[in-house]
Structures are given as C-alpha cells and as structure tokens.
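First to last, the protein sequences are chains U and F. When you read off a place in the first sequence, starting at 1, and then add 2, the result is the number in the working numbering. When you read off a place in the second sequence, starting at 1, and then add 2, the result is the number in the working numbering.
Honestly, I wouldn't trust all of these hints.
When chains are identical, the list treats them as one kind, so a pair holds in a single copy or across two.
[To be verified] Derived lysine to aspartate or glutamate pairs resembling DMTMM-like cross-links, with alpha carbons at most 25 angstroms apart: (1) Lys144 x Asp105; (2) Lys198 x Asp105; (3) Lys144 x Asp40; (4) Lys144 x Glu124; (5) Lys198 x Asp179; (6) Lys144 x Glu109; (7) Lys192 x Glu150; (8) Lys192 x Asp136.
Treat the hints as calculated values from the structure; they're not laboratory data.
Protein chains: 2
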Amino acid sequence: MTYQLYYWTGIQGRGEFVRLALEDAGADYIDVARVAGDDAIQPFLDGERDGARPFAPPFLQSRDLVIAQVANILHALGPRLGLVPEGEAARLQALQLQLTIADLVTEIHDSHHPIASAAYYEDQQDAAKRRAQDLRMQRLPKFLGYFEQIVVRGGGHALGTHSYVDLSLFQVVRGLDYAYPQAMAALSPKIPQLRKLEARVAARPNIAAYLASERRLAFNTNGIFRHYPALDGGIAAQD
Amino acid sequence: MTYQLYYWTGIQGRGEFVRLALEDAGADYIDVARVAGDDAIQPFLDGERDGARPFAPPFLQSRDLVIAQVANILHALGPRLGLVPEGEAARLQALQLQLTIADLVTEIHDSHHPIASAAYYEDQQDAAKRRAQDLRMQRLPKFLGYFEQIVVRGGGHALGTHSYVDLSLFQVVRGLDYAYPQAMAALSPKIPQLRKLEARVAARPNIAAYLASERRLAFNTNGIFRHYPALDGGIAAQD
Chain U
3 MTYQLYYWTG IQGRGEFVRL ALEDAGADYI DVARVAGDDA IQPFLDGERD GARPFAPPFL
63 QSRDLVIAQV ANILHALGPR LGLVPEGEAA RLQALQLQLT IADLVTEIHD SHHPIASAAY
123 YEDQQDAAKR RAQDLRMQRL PKFLGYFEQI VVRGGGHALG THSYVDLSLF QVVRGLDYAY
183 PQAMAALSPK IPQLRKLEAR VAARPNIAAY LASERRLAFN TNGIFRHYPA LDGGIAAQD
Chain F
3 MTYQLYYWTG IQGRGEFVRL ALEDAGADYI DVARVAGDDA IQPFLDGERD GARPFAPPFL
63 QSRDLVIAQV ANILHALGPR LGLVPEGEAA RLQALQLQLT IADLVTEIHD SHHPIASAAY
123 YEDQQDAAKR RAQDLRMQRL PKFLGYFEQI VVRGGGHALG THSYVDLSLF QVVRGLDYAY
183 PQAMAALSPK IPQLRKLEAR VAARPNIAAY LASERRLAFN TNGIFRHYPA LDGGIAAQD
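My request is simple: use the sequences and hints to build the entire structure.
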C-alpha cells in the first residue's frame, strides 16, 4: 500500500501536517511533486483525474481514492495509521481539534497576507503589521491557551494518547517559534504542557529521523509560517 | 432524540449551516441560546461541561456527545439525517467539499474584517476595500467556478444526490447575493448549475417552510455575510 501525496515543492506548507502523520507511522508514501515536479498537481485541479476533485493541494491518492483538505486526509488516515483512538466520539473529537488547528493556520497565514494571498507581502505590509499585532496579542494567546487546556485535560496529549492531532500541534508550535520568536518567548511560560508535547513528539524515533533527514525542508519565507522581523513582537499592549 | 444546537442569537452566522440540515431533515432540535440566552454557551467554552470542549460556537449536543466545528457537525449528522450518500468515499468527498465551503466562508468574513475580528469594521475599512476587491475579482470566481464544475459533474448536486453540501452551497449563494449583489449579478451567468441548485433547495418543502418562518433570521451586518455598499462592485479590473 503506497500513498501518493501531492503538494507544492519548496515549502513545508499545509502538506507538512500530512507528511508528519505518514512519517510517524512509517507509512510507504511518495511525495509526488518532489519526484515529478509541480506539474503533476495541475491535472487533478483541472478535473482530469478520477476521484474527488481537489480545490487545492495537499491531496492524497490511495488506490482510486483522492482526498483533499488536510483535516479530511488526517481523518481518513487516522484509523489506517493507528493515529487516532478507536470509536466515533474520539474520531469526531480529533477532527474537531484538527479543524481548530486549521483555523489557526489560516490566521497565521493571513498575518503576512491579510489582503490578497496572490499578492506580494511587500504590497500589503502595513495591513500585515496590524493583523500580526492582533495575532500576537489576541489570537495566539486565545488559541494556544485553548490547546494548552486540551492537552492538560488529555494528560499530555490532545486525545489522552498519541494521535495525529499531537503531530499537528507540534508543527504549529515549531512553525510559530520560527515565525514569531519574540511572541513565542513571551507565550511559552503559559503553555508548559504544549512545550512538553512538542519535545515528546520531536523525540519519537520516526519523527526524529524525519526531522534529521533531507525530506524535512527548513521553514522559509515562502510557506505558511514566515519570519518577517517587522511582524514579530510581544504579546502585551506595551510591546 | 432531540439535538441541542448552541449558537449566538441575532445572526444566522455559521450556525445556519447546521440549522439548514436539521430543518431539511425535519429533525427535533432546540436552538438553545434563542430560548435560554447567549449565556448558555459560555460554560461549554470554559470547559465546565462534559464532552469535547469547543473553541467557539456553533456546537451541537446529542446525549453525552458535544461536537463543534460546522464541517465536523455535518459530518456526524449526515448519516443520521440521511443527508450524505452511504460509504466512506462519499462521506470523505462530502467533508472535503464542506471544508472548501468553510474556507470560502472564512474569506467572505475576512473581506469585511481583514485586520482583527474583534475590532469594528469602520476601523479597518480601507483594508476591507482592498480585500473585498480581491475577493470579488479573484477568489469568488475561483471558488464559485470550482463549485459550479462540481455540481455539473454531480448532475445538479454536489454529490450526485441531495446532501448537506447542497444545503450549504445554497446558503453561501444566498449570503453572497445579500452581501455582494453587484458582484453576484456579474458572476451569475457563469454559475447556472449553482443557481438551479439554489432554486431546488429553496423549493424543498421543509426548507421553504423554514425560510418563511420566524426561525430564519434575515441577513444583517452583524453576521458573516454583510452588505456594505463600499465593498461591493464588479468582478473585472475595470469595475
């Protein structure tokens, strides 16, 4: 059983949430665009392939199934990879948390592109400064505070045991550390359980091997998490 | 079996996507905040209730299950209400489309609140004008063009037969007609199958009865879909 993952080359992007699940589970997969180029993606977007037509990457092909949208892909993969507890209630709870992570990821993306995703950052920098300040002062404390309490209740895990949600929380924390180091330095004392979760995920053998490999691209200013010093800062009004 | 829906009073908001599914199926439900006030919502957000803790409304309570995030709620309700075709492939495809609708809904919301969701529109109007122009000229044609092709392939339905996705597409088209009448007048010739779907959903007996009832609030400038004439306009560069 080989999975085919389709995502743009050159960035971690939203594809990384899927990659982490496949890597953690030791699944057999091909990162198609890294082998065949980004051109391999377009025929799916143009509706020229069987299966559900994706609006955008990432999408995953598994035999005749094409699955798009990160949370949907992880919802489908969870039971197959042993990355979600059994039972409908747990699967719904995992999906709910993953969708809340997706909302946060969109807000993080929009902090550097608040006006138009297809336009340059430099052409929307003033708006980005205002949106990033709101992200740092209002949204990150609210989202990360929520996830901290979820992890506290889950005894160190989002769902009481290891799952794809933990892997995604790891990725969000690492991405924010790269993009907003000052804000995260100020927030870190408030999220000790998320920090422990991050360290525990990083130490998982398959994840540690993946992070040390060439398959793990570095964060950069083409992805979702972008480090623009003009956007970073503290989390309180005086910062 | 009585469902309890929790959502802010006074607006359709994201709760409306869930309401339409419950109404269409003739399900027994209570719109709790409309009976008990918005204060009924807070204890769930504060983690003082059993079940998965929601980050935000809407959420649905069904016996001891609490389910948040619109797409997750509809994914859970779909089989129970007969609003999704049977089988994993169809359920994943429905979820994928619903998540793409959710992305569009967020972009529509952010067109009037591109900087800070908790701040006033009037304090971010200049940025909103730029973002709304991008929505009209780039994003709406792309999203609605995608859904038009999905509905063409589905023979007039998103999934080949009636489903919760059709109900949500109806809501998005109606909401955009209210918020962006000029843009939608320009786009309508390009989305004939979405227009037919909209009319077909509106004519479903339970939906027609609901739309004529006091339970269906009017669109207004507190919700996701807001009509601000300064933001509306055409879809081409010269508009």
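Verification of the supplied hints:
no. : hint            : verdict
1   : Lys144 x Asp105 : both (12 angstroms within a copy, 21 angstroms between copies)
2   : Lys198 x Asp105 : within (23 angstroms within a copy, 31 angstroms between copies)
3   : Lys144 x Asp40  : between (36 angstroms within a copy, 20 angstroms between copies)
4   : Lys144 x Glu124 : between (28 angstroms within a copy, 24 angstroms between copies)
5   : Lys198 x Asp179 : within (14 angstroms within a copy, 48 angstroms between copies)
6   : Lys144 x Glu109 : both (12 angstroms within a copy, 21 angstroms between copies)
7   : Lys192 x Glu150 : within (8 angstroms within a copy, 46 angstroms between copies)
8   : Lys192 x Asp136 : within (18 angstroms within a copy, 37 angstroms between copies)
The structure meets every hint from the earlier list without exception.
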